[in-house]
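From just these sequences and the hints, can you work out the full model?
Next come the chains, spelled out residue by residue.
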Amino acid sequence: AQSVTQLDSHVSVSEGTPVLLRCNYSSSYSPSLFWYVQHPNKGLQLLLKYTSAATLVKGINGFEAEFKKSETSFHLTKPSAHMSDAAEYFCVVSDLGGNKLVFGAGTILRVKS
Amino acid sequence: DVKVTQSSRYLVKRTGEKVFLECVQDMDHENMFWYRQDPGLGLRLIYFSYDVKMKEKGDIPEGYSVSREKKERFSLILESASTNQTSMYLCASSLSEMGKPEAFFGQGTRLTVV
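Protein chains in written order, with my numbering: chain A, 4 to 116; chain B, 89 to 202.
Think of the hints as simulated: they come from the structure by calculation, not from any bench. Treat the hints loosely; a few may be bogus.
[What the hints assert, rightly or not] With a straight-line cut-off of 25 Å between C-alpha atoms, the simulated PhoX-like cross-links for lysine-lysine are:
#  : chain 1 : residue 1 : chain 2 : residue 2
1  : A       : K71       : A       : K61
2  : B       : K141      : B       : K106
3  : A       : K45       : B       : K101
4  : B       : K145      : B       : K106
5  : A       : K61       : B       : K91
6  : B       : K158      : B       : K145
7  : A       : K71       : A       : K52
8  : B       : K91       : A       : K52
9  : A       : K45       : B       : K91
10 : B       : K159      : B       : K106
11 : B       : K141      : B       : K91
12 : B       : K159      : B       : K91
Here it is in structure tokens:
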């Protein structure tokens with residue numbers, strides 16, 4: 004079965020410094036992977052997705068993620084954090100049929116001024 | 089843009105009540121999902137539907153049922169609400185098309201059972 008592990012439940016960075024949110028996945032096949040963001044009292048918004056094309060994926064708001072099969076990782080990065088990036092981030096893997104999504108436990112990103 | 093609309097943002101219900109959560113999507117998506125979100129647990133799948141009148145249990149279906157009579161509408165039913173069902177409930181939809189597996193989410197319904 005597919006699973007996702009987000010290695011940090013909370014990450015705190017200063018505004019203007021890089022962001023790294025770590026995600027490892029487990030899958031018996033080549034999966035589709037996603038990062039979603041949830042701002043307080045909002046629904047989930049898709050940040051970016053990997054679906055077996057380029058391994059470096061660019062998303063919205065300056066975020067990107069790199070698919071590394073050898074490390075079974077899909078870490079999310081951003082060169083310079085902004086206060087508006089403070090939110091909860093979910094790493095997600097699709098099932099074999101591609102219809103169901105399996106979520107990590109989430110990482111809460113705090114951005115200090 | 090895809091729009092997924094949940095009928096209520098906040099609900100307060102009493103223990104033992106029958107509760108209906110409604111979700112409507114406007115993009116003709118085949119798949120629809122109900123998730124429950126609790127702190128530290130991420131999103132857990134309750135039920136999903138891949139076609140009208142079709143449904144499949146997710147990871148935590150106990151105490152819930154669903155109905156999909158029309159393609160655009162997917163309802164979650166709590167047959168007899170209990171306090172441990174206090175949570176945020178998120179509806180989502182997606183295409184069945186290969187290469188487009190991403191789901192689009194509604195704003196969520198925060199349900200409190202007292």
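For each hint, the structure was consulted:
no., hint, verdict
1, A:K71 / A:K61, "15 Å, holds"
2, B:K141 / B:K106, "21 Å, holds"
3, A:K45 / B:K101, "22 Å, holds"
4, B:K145 / B:K106, "20 Å, holds"
5, A:K61 / B:K91, "23 Å, holds"
6, B:K158 / B:K145, "19 Å, holds"
7, A:K71 / A:K52, "14 Å, holds"
8, B:K91 / A:K52, "19 Å, holds"
9, A:K45 / B:K91, "14 Å, holds"
10, B:K159 / B:K106, "23 Å, holds"
11, B:K141 / B:K91, "21 Å, holds"
12, B:K159 / B:K91, "14 Å, holds"
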